[in-house]
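For the protein sequence lines, the chains are A and B, in the order given. Here the first sequence is numbered in UniProt numbering, starting from 1 and rising by one per residue. Here the second sequence is numbered in UniProt numbering, starting from 1 and rising by one per residue.
Everything labelled a hint here was simulated from the structure, so no lab data went into it. Check each hint, because a few of them may be wrong.
Stated by the list, open to error - Label-pair restraints from in silico Cβ distances:
no., chain 1, residue 1, chain 2, residue 2, range
1, A, 250, B, 647, 50 to 60 angstroms
2, A, 444, B, 509, 26 to 36 angstroms
3, B, 467, A, 57, 47 to 57 angstroms
4, A, 513, B, 305, 44 to 54 angstroms
5, A, 588, B, 58, 33 to 43 angstroms
6, B, 185, A, 69, 26 to 36 angstroms
7, A, 513, B, 58, 49 to 59 angstroms
8, A, 531, B, 509, 43 to 53 angstroms
9, A, 493, B, 338, 46 to 56 angstroms
10, B, 647, A, 471, 48 to 58 angstroms
11, B, 588, A, 291, 52 to 62 angstroms
12, B, 588, A, 58, 29 to 39 angstroms
13, A, 79, B, 70, 51 to 61 angstroms
Unchecked claim - Selected chain B positions facing chain A (Cβ under 7 angstroms, derived; list incomplete):
no., residue
14, 70
15, 224
16, 519
17, 563
18, 620
19, 621
20, 624
21, 642
22, 646
23, 649
Glycine included, each C-beta is placed from N, C-alpha and C at the ideal position.
What follows is each chain in one-letter form.
There are 2 protein chains.
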Amino acid sequence: MGTSLNRVEEEDYSSYTNSSDFISISLEDNNNTTTTATSTSKSSSELHPVCLPPHVTTWQKLNHRLREIFFPDDPLHIFKDQSWRRKLVLAFQYVFPILRWAPHYSLSLFRSDLIAGLTIASLAIPQGISYAKLANLQPIIGLYSSFVPPIVYSVLGSSRHIGIGPVSVASLVMGTMLDGEVSHSNKKDLYLELAFTSTLFAGLFQASLGIFRLGFIIDFLSKATLIGFMAGAAVIVSLQQLKGLLGITHFTSDMELIPVLESVFNSIKEWKWETIVMGFCFLIFLLVARFISTRKPRLFWVSAAAPLTSVILSSLLIFLLKSKLKHVSIIGHLPKGVNPTSENKLYFHGPHLQLAIKTGIITGILSLTEGIAVGRTFASLHNYQVDGNKEMIAIGFMNIVGCCFSCYVTTGSFSRSAVNYNAGAKTIFSNIVMAATVLVTLLFLMPLFHYTPDFVLAAIIITAVVGLVDYKAALRLWKLDKLDFVACCCSFFGVLFISVQIGLAIAVGVSVFKIILHVTRPNTVVLGNIPGTQIFRSLNHYENATRVPSFLILSIESPIFFANSLYLQERISRWVRGEENRIRENNESALKCVILDMTAVTAIDTSGIDAISELKKNMDKRSLQLALVNLVGTVMEKLHQSKTLDSFRSKGLYLTVGEAVDDLSSSWKHWP
Amino acid sequence: MGTSLNRVEEEDYSSYTNSSDFISISLEDNNNTTTTATSTSKSSSELHPVCLPPHVTTWQKLNHRLREIFFPDDPLHIFKDQSWRRKLVLAFQYVFPILRWAPHYSLSLFRSDLIAGLTIASLAIPQGISYAKLANLQPIIGLYSSFVPPIVYSVLGSSRHIGIGPVSVASLVMGTMLDGEVSHSNKKDLYLELAFTSTLFAGLFQASLGIFRLGFIIDFLSKATLIGFMAGAAVIVSLQQLKGLLGITHFTSDMELIPVLESVFNSIKEWKWETIVMGFCFLIFLLVARFISTRKPRLFWVSAAAPLTSVILSSLLIFLLKSKLKHVSIIGHLPKGVNPTSENKLYFHGPHLQLAIKTGIITGILSLTEGIAVGRTFASLHNYQVDGNKEMIAIGFMNIVGCCFSCYVTTGSFSRSAVNYNAGAKTIFSNIVMAATVLVTLLFLMPLFHYTPDFVLAAIIITAVVGLVDYKAALRLWKLDKLDFVACCCSFFGVLFISVQIGLAIAVGVSVFKIILHVTRPNTVVLGNIPGTQIFRSLNHYENATRVPSFLILSIESPIFFANSLYLQERISRWVRGEENRIRENNESALKCVILDMTAVTAIDTSGIDAISELKKNMDKRSLQLALVNLVGTVMEKLHQSKTLDSFRSKGLYLTVGEAVDDLSSSWKHWP
């Protein structure tokens, strides 16, 4: 359907072409006027007609516009020109991508996926336990969340290398937001209910973004703001882990920098040296493992195996020395068995419903951002397509199903996916292998985690989030785009000093403000002629470009909207004033004409139309000619409909700057 | 200073020009390759070098940017090249524009201003009384507000034709917002205090917008949204006046459509036929007078004098028939005398301070919008400049002074200014005449208004606000710009059914959304060659443009930001896919190269940079060449800094589409 749509558009347009009225621009043959007035006119010039675009009805425009908003990737193009039967098969494959690869699944693929699956399982188990603690949930919930969601995603998702599970940022945000209103220690059951309910709303939100094809909304969390946000969250999370690492028992549940630091230093008396020594040993071990793997990607298994190794070693250590290390806080009893159902634990009535919805939406959008980015990254490495909206539906359903089986918010995790990819995963089957391994753990191995100390979980979390502080990316932002860097800093400090939600809101605000600022104060650039050509380029940019005597040629570098129409009027007046002063000082020939190159004016609204006609009147009062060059179709149409174009018909509309300069300067020769 | 700034910029830039490194683009002499591969290459082509813009430091960029944001009109240019003494005089004249015209004031000017001043006074007195009632204030406050503020403005303001006084919309909004929290009938004193305090904050807000040169903020209330807002407000105000016109005693103080209509029809028993008959007679009289004046601007005095005439006639009528018309509600006792001071009535502590600030900001911005628009309209009619930020300071100070002399929010009123202009006002002195007339009224004539009936005030208000329903402008919006029309409708229905503040917020939201939408889903247009030229234009727009075989030439019509970088990647891929399908169906020569015309890409952020390099990789994988044409200075610089440009250096960067097509197609001839 892809090209058919394109072609339909063109046919729609071209069917109206015959009725399009040409603007009766001066088409007298200028060939016999040997123009030598300006340096630009090389040969006898021939004017090319400026015409209105073909008429398009409002309905067609709306249709086109809506299609561009909601179906820019033309997702149905695969169905084009297919038989009915084939279409049905394709539709099934579209909904369940597993049908695409499962029939061709081979033993060699299985071997790769098996190794990758076992590798990510060894990472998933300690990560699951740790992240659940980050969300103030029992550790077992983290394991449950590494079992059901990966299986659901395997059926519905189209990424091949993603690794599904809970992620640090979403866990942190959920923990903070819920704990702010309902204490996880005093109201354990209510807290758990709210966590599942938030997961449900996260899933509903994600799936509906996908279904209504509103996936582009997550693009508004620009990479720059996410870098800042992630780094801020990582700092907070790391500092919070000092609780486990220093063995502190009384700790704030706040998430801002200052109360956390206060908590750490106000409780020096509670610090336990055994915990500190062991904790930092394991932390260093994990960080070294991570460092090795980042340096040599072939040694990815070092960092993948390190968390599980740490858990086993530390549990053994505590078990052996349990009589001497009574103070060390451990996980304690964990129930055996597969995920219990939890649909009866959803919370739909009561004073905290709004909290659950809000938490769901925010964790939903954050986890979606990570999941979609992971999917796209690995898809582009292997050159296959991942349909963003389709992925959102898959992730959404995964969470909707998950919340009925005691899982909290999950998504595609960066760390797991990287390990999965490096371990040689070929299809999403590696996630099923991981889920099976987690199942075995849940059924038989849970007692082994009884003596796992909290400090090793803290060390695992710190090692995981350290990678989120991407100072190199921040430096690159500083180098390339200062405003992006400001957005990044705003979200970083917003998260650090105010709160996660406000930090996020500020970041989105700054990003949108950037766009608005660009539109509110667009550039206007003076163009000059590149000698010996008909090319006109910025005088500031091209030093060989020269001013054309008697002309002021301005390029307007933005659509003209209500937000900038007044500014542009004032700015153009100022350019004219400046040029007249310059001419007076240098005793050059007087300014006669202002040419506006409208190539970059890709849209105009009613305020913009008024600005153009106001400008025309203004120039008329100063006895200056005003010419518009290269009007874009829609702009031309609107100026025509509003009759503004009428005053430009004679010597006011040109296709290129070169033709405008030639024609106007030759007309002055005739009529001095 | 105006041009000096320009020239300083240029010097800044040009001083770096020598150090700018030229990109080593293929500059081999192509003259001996007689290119005939495509229809576009007319003659032997010569490539023009693409170079980086001269280096500009971050500080210079920031400086330039800030100057463009805050001083786009270069307000200090008048001081340039002047002696010290002259600069001092100019500075005084800048702060007190009265010094500009007062020394040259003549008797003939005075004669014109006197007539105009008396005319607007006859309008100002009944309007002042009526609008004060709209704001739920005693009628006398409206007269006070027509005395002090015009005098202050005359000294500070630079518009010559403006007529200062209270206006309907700001009165209405103040009345609604304050009455929503503090009843004007039960807590009269507190209400009055809050009104003066709101006026103070309105003035402070207005003046600080001007002082910090943030005047462009009011541009975000686009004309389209204002049309809707004004119309909605007018409908509400008119319906509310049914209270006076029908003689209802119990009436809602709500401002939404539904409660107001309910109030009207639930109180049918209270309707009084005498009031209704007389009220509608005067309403028809006023509307006819208004109609005459709109048809024949020379008869402006008909509508100017009608309100005062109505007041006098109706007061006389009630006075003469007072024994028979006891039910008719009248103004009653009004105190004689000049404005009492009210600085002790300002409310700075207590629970309602936030309300006063909010009301102040909203009425401030609304009255500012009207005042600035009035000033600009008449300035452009008489071709003099009005500095928006300067005007804001004048209006702000006028309100700050006003609130200390029992005045509420005032600004330049459309109706008064139009009458003033039509009555032949030459300078702002007509406002002083008006103020003097109001003073006389305040001192001696107040008892005459004792018997003025409420229904005549209602009729005056309806006649005044009827003009705010500008259905013709709304129709024009529908014709020219559907999205503007939607914004207009949103604010209209928002005001009508929700509330004034929310209506306003929705309107601004829709306007900003329009900008964001344009940036999020920019156009990409396929270009074709206009035969016999080096000009490339949209295939949809110019039917004589033809596709160049083996090339797909796309023009990207927007800056590339985080909000559209992914969309553009997908859209370009889809264009390529569509073009390849088209070629396959038509058996044309295979696609070899994609050219992106980047003229309208006037800015890029880090996401955009990533999108370009992603696109390059993508095209490399498809074995397609990717060439960028006419990169704007800043975009080029960023792509260079991020090393993205490196992969384009050979056969990837061109100055014009024509040169790109010629060079690339000739290179294929050499290396088939």
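Consistency of the hints with the structure:
no., hint, verdict
1, A/250 <-> B/647: 50 to 60 angstroms, "holds, 57 angstroms"
2, A/444 <-> B/509: 26 to 36 angstroms, "violated, 57 angstroms"
3, B/467 <-> A/57: 47 to 57 angstroms, "violated, 34 angstroms"
4, A/513 <-> B/305: 44 to 54 angstroms, "holds, 50 angstroms"
5, A/588 <-> B/58: 33 to 43 angstroms, "holds, 34 angstroms"
6, B/185 <-> A/69: 26 to 36 angstroms, "violated, 51 angstroms"
7, A/513 <-> B/58: 49 to 59 angstroms, "violated, 20 angstroms"
8, A/531 <-> B/509: 43 to 53 angstroms, "holds, 50 angstroms"
9, A/493 <-> B/338: 46 to 56 angstroms, "holds, 54 angstroms"
10, B/647 <-> A/471: 48 to 58 angstroms, "violated, 26 angstroms"
11, B/588 <-> A/291: 52 to 62 angstroms, "holds, 55 angstroms"
12, B/588 <-> A/58: 29 to 39 angstroms, "holds, 34 angstroms"
13, A/79 <-> B/70: 51 to 61 angstroms, "holds, 54 angstroms"
14, 70, "violated, 10 angstroms"
15, 224, "holds, 6 angstroms"
16, 519, "holds, 5 angstroms"
17, 563, "holds, 6 angstroms"
18, 620, "violated, 11 angstroms"
19, 621, "holds, 6 angstroms"
20, 624, "violated, 14 angstroms"
21, 642, "holds, 5 angstroms"
22, 646, "violated, 15 angstroms"
23, 649, "violated, 18 angstroms"
Hint check: violations occur at hints 2, 3, 6, 7, 10, 14, 18, 20, 22 and 23; the rest are consistent with the structure.
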